[in-house]
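Chains as they are written, first to last, in my numbering: chain A, 1 to 352; chain B, 1001 to 1352; chain C, 2001 to 2282; chain D, 3001 to 3400; chain E, 4001 to 4307.
Hints are computed from structural coordinates only; laboratory data are not their basis. Ideal Cβ placement from N, Cα and C applies to all residues, glycine included. Be a bit skeptical, because a hint or two may be false.
Said to hold, decoys possible - So the derived list for chain E, only partly shown, Cβ under 10 Å to chain C, looks like this:
1) Gln4017
2) Arg4019
3) Pro4028
4) Phe4045
5) Leu4105
6) Phe4121
7) Pro4142
8) Ser4152
9) Gly4155
10) Asp4164
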Amino acid sequence: MTGVTLNQAIKRYGETQVIHGIDLEIEDGEFCVFVGPSGCGKSTLLRMIAGLEETTEGQIHIGAREVTHLDPAKRGVAMVFQTYALYPHMTVAENMGFGLRMNGVAKSEINEKVQQASNILKLEPYLKRKPKALSGGQRQRVAIGRAIVRGPEVFLFDEPLSNLDAELRVEMRVEIARLHNEIGATMIYVTHDQVEAMTMADKIVVLRDGRIEQVGAPMDLYRDPDNRFVAGFIGSPAMNFLECDYADGKVSHPALGEPLAVSANVPAGMTKVTLGIRPEHIEIDRTGEACTVDLTEALGGVSYSYLLAPNGDKLVIEERDDQRSRQGDRIGVQLRPDRVMLFDPESGLRFR
Amino acid sequence: MTGVTLNQAIKRYGETQVIHGIDLEIEDGEFCVFVGPSGCGKSTLLRMIAGLEETTEGQIHIGAREVTHLDPAKRGVAMVFQTYALYPHMTVAENMGFGLRMNGVAKSEINEKVQQASNILKLEPYLKRKPKALSGGQRQRVAIGRAIVRGPEVFLFDEPLSNLDAELRVEMRVEIARLHNEIGATMIYVTHDQVEAMTMADKIVVLRDGRIEQVGAPMDLYRDPDNRFVAGFIGSPAMNFLECDYADGKVSHPALGEPLAVSANVPAGMTKVTLGIRPEHIEIDRTGEACTVDLTEALGGVSYSYLLAPNGDKLVIEERDDQRSRQGDRIGVQLRPDRVMLFDPESGLRFR
Amino acid sequence: MFPKPIEKQPRAAQITYQAMLPLALLLWLGPLLAVALFSVKPAADFTNANYWGMPSSFEGAFNYGQVFFNSDMPRYLLNSFMITIPTVIGAVALSCMTGFALGIYKFKSNLWIFFMFVAGNFVPFQILMVPVRDLTLQLGLYNTKTGLVLFHIAFQTGFCTLFMRNFIRALPFELIEAARVEGISEWRIFWYVVLPLMKPAIAALSVLIFTFIWNDYFWAVVLTQGAESQPVTAGITSFNAQFRAAYQLMSAGSIVAALPPVAMFFLMQKHFIAGLTLGAVK
Amino acid sequence: APVAAELTGELRIFLDTSNPAPRATMEAMIERFAEQHPGLEIETTVIDREAYKTQIRNFLTADTPDVATWYAANRMKPYVEAGLFEDVSDLWAEPEIADNLASTKGALTIDGKQWGVPYTYYQWGVYYRKDIFDELGLTEPTTWDEELANCQKIVESGRACYTIGTKFLWTAGGWFDYLNMRTNGFEFHNQLANGEVSWEDERVKQTFANWKQLIDMGAFIDNHQTYSWQEALPFMVNGDAAAYLMGNFAVAPLREAGLTDDQLDFYQFVSINPDVELAEDAPTDTFHIPANASNKDAAREFLRFVVSADEQTEINNGANLGQLPVNAQSAVDDDKFLQQGFAMLSSNSPGGVAQFWDRDAPAEMAKVSMEGFQEFMVKPDNLDRILAKLERARERIYEN
Amino acid sequence: MSVVDVSDQESWFHKNQQRIAPWLFLAPGLLFFMVYVIIPVFQSFNLSLYEWDGLGAAEYVGFRNYEDLYWEWVDRDAFYTSLKNNLIWLLLYLAAIPAGLFIALFLNQTVWGIRLYKSLFFFPFVISQVVVGLVFTWFYDPTFGLLNEFLSLFGLGPLNVLGDERFVTYGIIFAGLWPQTAYCMILYLTGLNAVDPEQIEAGRLDGAKGFRMLWHIILPQLRPATFIAFVVTIIGALRSFDLISIMTQGGPFGSSRVLAYYMFEVALSEYGFRMGYGAAIAVVLFLIMLCFIAYFLWSMYREERGH
Ligand SMILES: Nc1ncnc2c1ncn2[C@@H]1O[C@H](COP(=O)(O)OP(=O)(O)OP(=O)(O)O)[C@@H](O)[C@H]1O
Ligand SMILES: Nc1ncnc2c1ncn2[C@@H]1O[C@H](COP(=O)(O)OP(=O)(O)OP(=O)(O)O)[C@@H](O)[C@H]1O
Ligand SMILES: [Mg+2]
Ligand SMILES: [Mg+2]
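Bound-form chain A, shown alone (with noise of 0.2 Å):
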């Protein structure tokens, strides 16, 4: 048993609590990935597990150990930097082999775990180079497989990618997945890509000032978020969000035309709900003339429609078809009612 277990885990720096008390369970093999704004504590969560961060309160274990205070070294963790870490005077060889060789293991131990590695990650013919003669993606190899070398229980990753250009990125991205799938060791990983944590994820955890907004797998999450935050976050483009008037389980809104039915348990009382809607789960009724057709973008197969509602709200629309919309259009919209979701405005949860 060698998953992550966080209990109450707070952080603060002098006066500035930027942790505020997580509760969070990763199972053993699991890969969870941390998204969230920049700056919202994903870094520091991650460093507290490894250790690099004091825990101000609250408990951290690694299977059944507490490792709370414990020394880096002691947790059984290895870590991958964003900046990918690697000693600059050191072979690839050597920088794999460092960590045993400084913890007294025998040479040819290290030789035959470096070599096993090197294998995993194709890094055999640059075993003798140093990181300089490295490209990025080489570089954030070797990292990986100083990692591996110790065989640790415990992978944490911050931000691994994002210092590659988006070629390297998507191979990366697929290389440790695969490695995932191959030493099934629990792996976390920090990101602020949209893509790498809906690909990567077996779990994401979506934080948000330093606390969880919400745990799930990729298209849990997706397809049915808790709050709002959630909702505008997992997905690009982002959700659309309306502020609609609520009577009856219809919402109204200047765009719609019609008022919708929508199922969901909307507190009695309620008269003003969030409505949210993707851009795919949109559809255009060329009868209609509601909307304005602001600005349109075309991607190739796929183009998007920035709409003005009559009452100036805006709406980004899908659009796959070769007929596509024209700036300075009227058009009218249809939302899939089966996927319109409704929010608190105040508090932003969702109405289920």
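Based on the hints, put chains B, C, D and E with the ligands in the right spot on chain A.
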């Protein structure tokens, strides 16, 4: 008339020639985007227009004036740099007014113009700040403001958004597009971002190794590329290319099952052609078994599946509906014949 | 690049520039060239008031021979080396450690200790003169190379710490964190991770300190006297007393005294300039 | 010596005679002393002459030798007052020394006790280019008027009368010594050195007025403030200056520079005020026993040995120090300058013998005043300001 | 809750490693620095209240030494001269900054062999001030110095720079400017390397050229280099000792003294050994320098906070 015309423009650095006789006509008020792989000469070309690089041979006209050997300041152009290149010791207002000040414009007039520009870009609250105290997006806006204030006939942008993070990039993209609509000046814009090129350009110039591959409106390039390079370069995920046998107007490939009839003017005697098809123009035939799903990536509204053809070729397909493939599935594919393109395997030229 | 690259300017400007470079250099190094010229002249040239003309005969070998075989110069040179080299080693070693401590660890008094080093580095060293002299006397190290070396090490530690700490600050902190996660003790992090990365700084600093110490005159005068322990800067004054008004010998002596740092500078030019960039401009 | 044979232990001797010739002389002398005392282990340390002046402060308090060289008069006063020198009045009571060294006793006496013994001294005076004097038809002057007349002729011939280099100040002190002693007498000079007379005293002003006469007529070379005494030698060698007021040690470099004894001669500084007796500068170099010495018996024996008539003859002869022996029983080398100097000091210096300005006046006062002399030589018009400054310094320095 | 074993010495050290380690690393350097630099500063303060000739016992005299300094100031004596000269040094030495900038601009090109030129121009900084002093002494020599040969070409001179109390300080400062300019030059050369080329281009587009480009765009970016050049020049000016000692020994008649030299002269030279008085002079010098140290530390503090 303030279009830009390049006439056999050539640039050499010592022995190495990096721009090979470019002929290009950019209309007055047009938004022209240069794209191409890294090192193809986009920046060099832009800087030749700006006058920051000597033009070795050929002529450059801005409007009716020949400017080939004119001082940058005298060309009536303004440039926005990737790194913003704001003067760190001047306030926003001073930054924007600096060019006018250098040209001896009266204080009151400078103030007025700065005011106008900051109006357009919503920079009023920041006029007194130093660039250090601004966010990336604000800085970029100031850089644009500085360009506007000088009232140039031509705006030049060199990857102006690539230092911003994803969200801001979208925002600023819309902003620049709006600005172009508003002031209607000629703009030349260098980027390597697909989305920017597709959404902003009136005209895209695809460069490769210092030569123009194709010039045209974005969707024209997307739908009707002249050659394999352009076809592969424009669109994301990239077009799939399959090396096929060709006979009697039909192409055959292990992934396809039946040979597929394609209408294209393939020269007589050709037995091998390269077939190109975009991911969104492939349909899944769940009864088929020719291909294996190697990996799927669900991004929410859309998901991409990476297929392995029986002969090991790779194919990416886009799936939108909720019933998606899973890793290991065996499926067949059907290409939309009207969307299939054929290219000469040698020269890469398209058979239309 | 500012000013505008000369190769982008008209041919005439380029040629003028190329021609002006050696001229300017001659002018700039004029005084030194004069000394070099003096050092190969025969004594007769000075009595005949042929100060600035060509040597009437080339006496370089004789003059330098005098310096090396007929004066205390070799001893002074040797002293200089015996003072400079241990100082360089000591100051660099100490400051590697202080720089590491101040650059890597977060503790309350960190910044204050750092500032203390910096401030001490800029203290007018005259204020240290009397107490340091007394201290050295009490330690029985007055007029010994050791006494001079110890003080130099201590005083240079201020500057070196400033330099090293800023250099270490600029290293990616993740490297240390990575090592910590790997379970490497602090001492070994210093030894195996940080020290190898500081090689360029160490090289740069060594050259700098070498020059500083070699050229030190003040402390040489305050803490030592006599040929058995004085370095060449102080030695050259008594050398000059010995050969008073023998300009050719004084010149030769000066050239000899100036040579080692110059040689050092040329050998390690790259590091030297890098060192100034790092240590100073930072 | 009768008691000598039993001496044992270690004898450490510090010398400041660092120039090659004197060094060899002293080492040879010590060698001879060692031969007489085979039981004694002698260790000699030679320290650079300039360095010695500051180092003596250190070794007198720590790591002390048994015998050390130094200078007489006020120069030894700080150490005597600090109790760092041994009282050797007992030696001076011994007839051999009492009888033969009487002439230098005063220079080594403070508070009525003697604190060391001299081993050599040398005369000061005017060294001049006899050939130039001959060329201009001049003779050695003896009075101030003759001096001025001579000088006038020399200046008219396009030369300076005197070369001098005042960069290190003390050479100007020599001029002041002579001018003041000749103008106001030895007693007055001593009082001034001891801070008993005001610098703004009319008599002092008279001294400077005499000096100014020379300055105004261009007697001294230009730019002397930029030269050391050695750097001023070439002016004399090249014939740009006719004379040099200097100690006898100047003879060697002048000879080395190629002047023969035919070209070079010596005369006593002229008398100015006929009412005062002639007095001379004759700096005395000395040996002392530090108070912390460990082998004082041997040290005393060494001092006796140094001043003995034979040794004095030996070490001061032309081949060695080339200076004057302090023992009246010794023979003076027949070098012409030594002979003249010896004659002058023993028979023509009734006023007394001064040590030299920077040995007679306290160090601080010497420093400030010599700076003043230098300034005066360059800007004689500043005299009042200079004297006011010296007077202020006097008030401060002698106060405690 | 599992408690870590504290009984073992090893493990206690390990547990507190991060807290103890910096002090262990600091200890030797700090010890040295304390003993040789920090404590002596305070000792000097203390000593300045005593009168002591370095031999006997020190006598407490309170502020007597400072009082004497004050009177020297009032009487325009040595202390006054030294302080005045120090101010002249401070002011004129700063000329090294524009001069260094000028040479740096001149050399900031990429022609063949420029690297060699740059290092040769840096040369004067590497050689000892003792040698520099000697060289310039000859340069100024009233009988054969190059300066006078040069002046005589214009029918001027002769000038005895080092022998004339009106010129001597300027003459020495000029000699000092030679290596100091080289130092500033190298600082500016490295600074110019770091100038953002895009800003220069932006400036060109904005129509700034030549001096206006330098003033408005380059100089502001060279601020860090200028700052360091300023600091090292000020400190160099206040520390100036070697040149004076070699070239004039404070003369003629003490007119080229500065505090640093005066202090040495008073405390340790042949006629000196007024230790307390010397310490008092050093304290004054220290207080002047303290303004600059404080300014420097304050700038650094702001920057540290900025990060
Ligand atoms: N040493 C510190 N002292 C005070 N506050 C800190 C410190 N380190 C981080 N913080 C604060 O803690 C919060 C969380 O920072 P953290 O680096 O964990 O954010 P993040 O989610 O990783 O952001 P990003 O996506 O930008 O990396 C931020 O508001 C930050 O300002
Ligand atoms: N000063 C120079 N000397 C020699 N070659 C140069 C110089 N500047 C650019 N080049 C070469 O010119 C070519 C075009 O460079 P340019 O910067 O225009 O490419 P780019 O298309 O802007 O690339 P990127 O997308 O990476 O910015 C490159 O191959 C580059 O190596
Ligand atoms: Mg982070
Ligand atoms: Mg580019």
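Status of the hints after comparison with the structure:
{"no.": "1", "hint": "Gln4017", "result": "holds, 5 Å"}
{"no.": "2", "hint": "Arg4019", "result": "holds, 7 Å"}
{"no.": "3", "hint": "Pro4028", "result": "holds, 6 Å"}
{"no.": "4", "hint": "Phe4045", "result": "holds, 8 Å"}
{"no.": "5", "hint": "Leu4105", "result": "holds, 6 Å"}
{"no.": "6", "hint": "Phe4121", "result": "holds, 6 Å"}
{"no.": "7", "hint": "Pro4142", "result": "violated, 13 Å"}
{"no.": "8", "hint": "Ser4152", "result": "violated, 12 Å"}
{"no.": "9", "hint": "Gly4155", "result": "violated, 19 Å"}
{"no.": "10", "hint": "Asp4164", "result": "violated, 20 Å"}
Against the hints set out earlier in the document, violations occur for numbers 7, 8, 9, 10.
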